[in-house]
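Once you have looked at the hints, place chain U on chain H.
Spelled out from the first residue to the last, the chains are:
2 protein chains.
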Amino acid sequence: MSSVDTQLEELKSEIMAELPSDISVSDVTYEGPELVVYTRDPKRFAKNGDLVRDLAGKLRKRITIRPDPEELASPARAQDQIHDVIPDEAGVTDLDFHHDTGEVVIEAEKPGIVIGRGGETLREITQQVGWTPEVVRTPPIESSTVSNVRNFLKQERDERRDILERVGRQIHREELSDDEWVRISTLGCCREVGRASFVLSTPETRILIDCGDKPGSDDVPYLQAPEALGSGASSVDAVVLTHAHLDHSALLPLLFKYGYDGPIYTTEPTRDLMGLLQLDYLDVAAKEGRTPPYDSSMVRETIKHTIPLEYGDVTDIAPDVKLTFHNAGHILGSAVTHFHIGDGLYNVAFSGDIHYEDTRLFNGAVNDFPRVETLVLESTYGGRDDYQTDQEDSERELIEVINETYDRDGKVVIPAFAVGRSQEIMLVLEEAMRTGEIPQMPVHLDGMIWEATAIHTTYPEYLRDNLRDRIFHDDENPFLAEEFNHIDAGEEERQAVSDGEPCIVLSTSGMITGGPIMSWLQHIGTDPDSRLVFVGYQAQGTLGRRIQDGWDEIPINGDQLGRSETLTLEMDVTTVSGFSGHADRQGLENFVKTMNPRPEKILCVHGDEQSVQDLSSGLYHDYNLRTFAPKNLETFRFL
Amino acid sequence: MSSVDTQLEELKSEIMAELPSDISVSDVTYEGPELVVYTRDPKRFAKNGDLVRDLAGKLRKRITIRPDPEELASPARAQDQIHDVIPDEAGVTDLDFHHDTGEVVIEAEKPGIVIGRGGETLREITQQVGWTPEVVRTPPIESSTVSNVRNFLKQERDERRDILERVGRQIHREELSDDEWVRISTLGCCREVGRASFVLSTPETRILIDCGDKPGSDDVPYLQAPEALGSGASSVDAVVLTHAHLDHSALLPLLFKYGYDGPIYTTEPTRDLMGLLQLDYLDVAAKEGRTPPYDSSMVRETIKHTIPLEYGDVTDIAPDVKLTFHNAGHILGSAVTHFHIGDGLYNVAFSGDIHYEDTRLFNGAVNDFPRVETLVLESTYGGRDDYQTDQEDSERELIEVINETYDRDGKVVIPAFAVGRSQEIMLVLEEAMRTGEIPQMPVHLDGMIWEATAIHTTYPEYLRDNLRDRIFHDDENPFLAEEFNHIDAGEEERQAVSDGEPCIVLSTSGMITGGPIMSWLQHIGTDPDSRLVFVGYQAQGTLGRRIQDGWDEIPINGDQLGRSETLTLEMDVTTVSGFSGHADRQGLENFVKTMNPRPEKILCVHGDEQSVQDLSSGLYHDYNLRTFAPKNLETFRFL
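Protein chains in written order, with our numbering: chain H, 1 to 639; chain U, 640 to 1278.
Where hints are given, some of them may not hold.
[To be verified] Cβ-Cβ distance ranges computed for the label pairs, FRET-style: (1) U:Asp801 <-> H:Asp179: 37 to 47 Å; (2) H:Gly259 <-> U:Asp644: 52 to 62 Å; (3) H:Glu9 <-> U:Glu813: 54 to 64 Å; (4) U:Ala925 <-> H:Glu10: 35 to 45 Å; (5) U:Ala1178 <-> H:Ser177: 23 to 33 Å; (6) H:Tyr387 <-> U:Arg1237: 40 to 50 Å; (7) H:Asp179 <-> U:Ala925: 23 to 33 Å; (8) U:Glu1239 <-> H:Tyr387: 28 to 38 Å; (9) H:Ser177 <-> U:Asn1042: 26 to 36 Å; (10) U:Ser642 <-> H:Leu639: 40 to 50 Å; (11) H:Asp179 <-> U:Thr1028: 36 to 46 Å.
Please keep in mind that the hints were generated in silico from the structure rather than gathered at the bench.
C-beta atoms are modelled at their ideal positions from N, C-alpha and C, and glycine is treated no differently.
For reference, chain H alone in the conformation it holds in the complex (with noise of 0.2 Å):
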């Protein structure tokens, strides 16, 4: 009998000797992070909520009740219970059963009406019914990602059901090593931007973190640098990822390509981005004559191996390892990730991206936590000189140079990165058509802004607390606005969005790298009466930065010939900052300053040399830590 196998005999002694004697457990099994405990008896659960909780408590696990199958009513006649217990306001749209786990997925547009106070229509269900019930909300806007991975999800239900189990086995393995350290292998993102990639390791265990690509460098082979996959991929435990942009996920499915075959752990919301964003990685790939490095099937792996993670979570991601997730306030489902490692032996929280202040989306990036020895830090605005405009100036800027074109009947038009920039935009345009400080126009959002903005709307708990509340009330969801039109028709609407009235583009690629802006350029570009109006990082060497810089002659793909043709720009170039995801150098020091507990060392990566230099000695002087500036490819030992 293997460890694990007799740790669950011993917990369901455990667990049968906790419970009232006439409550039944039939068998006990792990499905990744999570200890699952089958019973005859799911309504007596259900009629007890704090059983479950006071378990949990003792047994210091994450615990899942599951009906044994023949305690279940029949689909047909649970469906008609089900209904009649949850409010007809919770909007219901869609039921669908497992069998093999007893589970009822219950799509709706208001969840929190389907769970109730305390979770009290959630117990009603299973008391009725006997299955166990999960709520996941019906998009607001439709999206094709989410239903796409919904429905990929369901499919793959039973290998899913494998890789948790035997996820759960590895997570719950026996402690082979006496030895105790702590180490930290940068593989990139040290002194540049690009190709955000931990391993934290212990004699025990090796997790990934982030595993992202760098444009124009060649980034495949870091992750053939021993520190990185060691013996093979598989001799990786389990990978966390921060958030979805690709600079820190567009590898991940190459690890299913070397052989790796265990959890990603990551955010509900980051899941379907990086799906969004790795596929799109593809697309642009293909469309530009590069061959990728991985293909669509190694996307949909790396989807079957997420295993989502809440805020504020704690979990066990291997037998010396709890992993808690923080809303890092950069992008939608970022999170910083900390790593309590031994039984309180070590602390370490790598902070991913942040923004500091709160935006109109997210609230501002967690810094409080139980103990933290060593902080990893982004410093991509970590420069001495690295401070951005308040948001409030940038914002009322932006509305002045949108209503300087409108009076002169010229169009805005805004190059903008999908996830994230064009959601806070969408919020300010929204709110100034309101109060009246821009006149109402159409607003069209281009590329994948707007299926990027229906993801944020499925997920309204990752948002800022107040945008979250509007949310949950249709009539004043902001993406719902009437000015917001998607562009879906392609060209000729592009032409007649063109030819007609003034009005303001959101377009991707943000740094006019391709994608549907080079349309808009073309249609409006020439236009004087116009305006360009640049709201996020142009980086060296990007046609957006070029343009940025003064140049007027842009090469425009012609004709279905590939002739390339030049276009002379005419209309205004104008750049609005402060809109930023990433905390400026202020940011990143009030983190610090304010963080609790204070960590006694912080590793500045994610930022070019200067930036990660001057915040590191910044630092060290200011908060006396100490502060390094890691290289790629080192490794460093704690403890």
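The following block gives chain U in isolation, referenced to the frame of chain H:
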């Protein structure tokens, strides 16, 4: 055609262009780091000694000339001619013809006479018979290790040539990476003594330096750290061994068990001593009922894959790495290893274990290099108080102790390490008897000491200059002095010695952890007129340390039935310090102070926590160098 084949074709053309047109070149191949040139005119090469030298300088390669087989005299005829050419006083003991390579191995008592001034006798041989002579020394004291190794390599000649050819092509492979960095990963011997092991890596190449064990620690797993073997033992390109002691060499054979199939670079005496010590390691493990991690076939693989280099030879061991060994003064064949990386990119020296002052056996460690940016420095006696007695004083003390004991009719028993300290003490005793400072009396050598001494006399080039010169003259070889007696008849002989006249016994193990010293304690330990003299370091936890600390109850394995007895030690116990093979704190400082050039960075390793910290901060304060006291399993990146 592979890039190596193309390269060889080009080299062949270049060589033909350089040589007079009437000298043929039939083939050009790599054998390990050597470029082998086959010719039908070996005699022409032999006639003009400058030809090969000029070619080597021009191509910056080590060049070996080999005759085409058809140009060779028959062995029978060649044998006579060779004997005619070589003066009788050379003492030729064996000729061994290898038709596949056209080499004839000449074993002689005086290799210098076979070689002749500037190699003239060797060239004369080739001119006469066409064969390429290679000279080895007939051990002045018969060494089973040396003859076993030589016979084994003769037997495995075919496979060895395959290995060398493969290694040669590997060394000269095309460089694939554009990146430029140098990393050192610490696997063992950081903040501890034992399990010396490092990986030096570049984007192109991974070199394992030393691969020792640490008795009493769970030392095999360190090779399983991803930094050690990466994606398997085959990810290591080359192994470099600084010296034969088991804390540097014990686990080399394990690499072959794990699938390593590449070269081991070390000196010739280190190869032989390493074989001796590894086999003894297996033997001791078996006697103590432990399962050793590998068996003797793996020791043979290790020897088969060894490519011996001489001090000062600059050798390509990878497309981007040149290795040079320099005398380290620690034990026979011990080397400071210098790596030149890239074309002037970076230089790293590993001290290995060093003795900076001259000893009787060896010249002091070399610290003069063309360039060094980083030095990895042993710190065994790096502590602030680790100053040793001058050896002169120690010798005087030892002589006094011996005279005192002799005067009261007692015997002196010296536990000593077989390799190094024993021979140093032998030289002290030989001189003291020769000069009359102590009376003439037998010195009995027990355990592996005799065999280790035989290996020393086989390689006098590696000994201190004046000692080497004495060995070249049979009648002055101090190791052949008549007082030295090899205990080779077991217990009976030991009993007879114990019952006899005053004498000196040198016996392993050096820390009284087993071996024949246990018998000597049984025979002589109860004699209050005799004396036990420690001349080497006694580690914590060893019986030697306990006796040194005053214990006099010694567990002895009593009889064949395994009953254990206790012996009450009544002999005097004396410690004479100052015979260490390691530089003391002053020696380490002097090594750095006089080092040319002064390195930029020093990693202090191979010492207990306090020693490395003391040395690191001492060198930082006194010489303003960037110093580090790494932990195991860290990775430092340079550049």
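Results of checking the hints against the structure:
At roughly 40 Å, the beta carbons of aspartate 801 (chain U) and aspartate 179 (chain H) sit within the given window of 37 to 47 Å. Checking the proposed 52 to 62 Å range against glycine 259 (chain H) and aspartate 644 (chain U) shows it is violated: the Cβ atoms sit about 33 Å from each other. In this structure, glutamate 9 (chain H) and glutamate 813 (chain U) meet the distance hint of 54 to 64 Å, their C-beta atoms being roughly 58 Å apart. The beta-carbon spacing between alanine 925 (chain U) and glutamate 10 (chain H), approximately 41 Å, falls within the hinted interval of 35 to 45 Å.
Alanine 1178 (chain U) and serine 177 (chain H) have their C-beta atoms about 25 Å apart, which keeps the hinted 23 to 33 Å range intact. Take tyrosine 387 (chain H) and arginine 1237 (chain U): their Cβ atoms lie about 42 Å apart, and the range 40 to 50 Å holds. A hinted range of 23 to 33 Å for the beta carbons of aspartate 179 (chain H) and alanine 925 (chain U) is consistent with their spacing of about 28 Å. Separated by about 36 Å at the C-beta atoms, glutamate 1239 (chain U) and tyrosine 387 (chain H) satisfy the suggested range of 28 to 38 Å.
Between serine 177 (chain H) and asparagine 1042 (chain U) the C-beta distance comes to about 54 Å, which lies outside the given range of 26 to 36 Å. At roughly 46 Å, the beta carbons of serine 642 (chain U) and leucine 639 (chain H) sit within the given window of 40 to 50 Å. Evaluation of the 36 to 46 Å hint for aspartate 179 (chain H) and threonine 1028 (chain U) yields a pass: the beta carbon distance comes to about 38 Å.
When the structure is compared with the earlier hints, violations turn up for hints 2 and 9 and for no others.
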